[in-house]
Amino acid sequence: MRQLAIYGKGGIGKSMVSSHISFGLGDMGLKVMHVGCDPKHDSTRLLLRGKMPKTVLDTLRRKNFDLKAITRDEIVFASPLNEECKGKIYCAESGGPDPGLGCGGKGVIEAIEALQHLNVYKELELDVVLYDVLGDVVCGGFSMPIRQGYAEEIYIVSSGEIEVLFAASNICKAVSRFANRSGARLGGIIGNLRELKNEEEILTTFAEMMGTQVVGFIPYSEKIKECSGKGMTLYQLAPDSKECDAFRTLTENIWNNKMFTIPKSMRFEDLYAWWRGIVKK
Amino acid sequence: MRQIAIYGKGGIGKSTVAAHLSYTFADRGMKVLQVGCSPKNDSTRPLLDDFPKTILDVLREKEFDYEAVAVGDVVYESPIAFKNGGKVCCAESGGPEPGVGCGGKGVVEAIETLTRLNVFKNYNFDMVIYDILGDVVCGGFSLPIRQGYAQETYVVASGELEALYQVTNVSKVIKRFEVRSGAKLGGLIINLRRVKNELQMVQDFAQKIGTRIIGIIPFSQIVKECGGQAKTVFTLAPESEEAKIYTGIGDALLANKNLVIPNTIDFKDLYEWWLQYFE
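Taken in order, these protein sequences are the chains called S and G. Under numbering that gives the first Met the number 0, think of the first position of the first sequence as 0, with each following residue one higher. Under numbering that gives the first Met the number 0, think of the first position of the second sequence as 0, with each following residue one higher.
If you're looking for bench data, these hints aren't it; they were derived computationally from the structure. A virtual CB, placed ideally from N, CA and C, is assigned to each residue, including glycine. There may be inaccurate statements among the hints.
Unchecked claim - The calculated DSSO-like cross-link candidates involving lysine-lysine, where the alpha carbons are at most 30 Å apart (straight line), are:
id	chain 1	residue 1	chain 2	residue 2
1	G	K183	S	K105
2	S	K222	G	K207
3	S	K62	G	K195
4	G	K61	S	K263
5	S	K87	S	K257
6	G	K171	G	K183
7	S	K53	S	K87
8	G	K171	S	K53
9	S	K87	G	K267
10	G	K174	S	K50
11	G	K207	S	K53
12	G	K267	S	K222
13	G	K223	S	K53
14	S	K50	G	K195
15	G	K52	S	K53
16	S	K105	G	K223
17	S	K85	S	K172
18	G	K61	S	K224
19	G	K207	S	K263
20	G	K207	G	K267
21	S	K105	S	K85
22	G	K183	S	K241
23	S	K172	G	K267
24	S	K224	G	K52
25	G	K52	S	K279
26	S	K30	S	K241
27	S	K62	S	K85
28	S	K30	S	K87
Stated by the list, open to error - Pair by pair, the computed Cβ-Cβ distance ranges are:
id	chain 1	residue 1	chain 2	residue 2	range
29	S	N256	G	V99	43 to 49 Å
30	S	G49	G	D49	19 to 25 Å
31	S	G28	G	L274	39 to 45 Å
32	G	D49	S	E112	22 to 28 Å
33	S	P238	G	Q220	19 to 25 Å
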């Protein structure tokens, strides 16, 4: 079983991208578990026809954190899209703390532990688990899937915007910090284009500087924006579009990926100076 | 001394708004302190020539010996000259090492350090602006509201779902701590992002949570370009329409007396409501 984690700055399209990867992997005939690790708990909604499932943390709260009182069906939801793909897709959402209280990363840890406790991965005979993790604050909580070695392959969704690249470089730092202990490696950068000047060049060069590769580019597109409003992926909405093909290629590149590295990192000042140079060109 | 907090999801243009507010207030003759509370420490970049040392970095250097920290180590005056005796000073909280510790810790340390150094009292600031990352409204990042440092909170938002969700999170924090902190919501500052029916949507949204829109910033290449060069539009395009809009927002905020305890909305309800603008 492979375990992937998709990180990236909030709002960059992480959930959009990871839902398409999950469906793509399911479409290849694989058994996939998609775990949303964001307090907003909407990572899996494109896979659940716009519905948002109960979160692991909410269920745990209801049962006074008694793991024994929880069953698999309360926290793992089969995708209704399973009817139209060869494999199987399952969804879970970690949830998060009440706003203003406690630790934002706590839900991530609790969710993964609950899934482990229920032996979900083995019982469902999964081929791949995908964690979709908020990456703005790579604090102890949100880096948990990397630190504990749950996520073996890390992919970072990024555009060419400076704040987004900075978040990506911070995620790289977290990966390299825990690489030896956890075995986690960076699998590559997923370019989510935002109509920036020289953006593909920015992302390709950035990936090289971090000692990794770009595993796919997703074009800027109104069609993709529609997915969010309609609660489905492009595989349902526009299967023949070039955008959907971009996701197919991305999924294949990830599944066939052999390049796993311990990333380098950059200081923000240096990153910014380099970025200015390439944008000005 | 007025203290305001600017929240909003990462990448929404919070720091840009904060820097333009600081500039406008100083231009009106006020003494302003802008405190960047994001681990990225670039909130005050448009107001300074360089990246300032962050409070957390300075504390680490001094092994967390507060006595050894001087005001000049953590507070930097902007080189921009303002008329009427106005000035802007900047501080950046900094954040934890990636992957370790708590993301909100920098915010706590920053405010405590500034308080211990008597920065708020001794420097006669008229206005303090906290620019705070709002993606994770966990205990750390909500501190300025909880502890009542910032009596007025403004949220930068667009018609994007995530951006509106941050507003509802901040609203929940205000509501939860209002008795203890006295902090209230002052309004929304809208950064348009080319979402369908966006203007109508954000106006309806403001009404729904019981607040008002302080200003609306159109999607603009000029603002994008200024951001890329780390300057305000006042510096690079002082005659532009955008410069007038930012000044207008600053003035509207100064005049704002309409502080409320907002209504809260669950994400599920927000999502269903939001979807209808795409039909």
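Item checked: Structure-inconsistent hints, enumerated in ascending order -> Hint check: 3, 13, 15, 16, 17, 18, 19, 21, 22, 23, 24, 27, 29, 30, 31, 32 and 33 fail, others pass.
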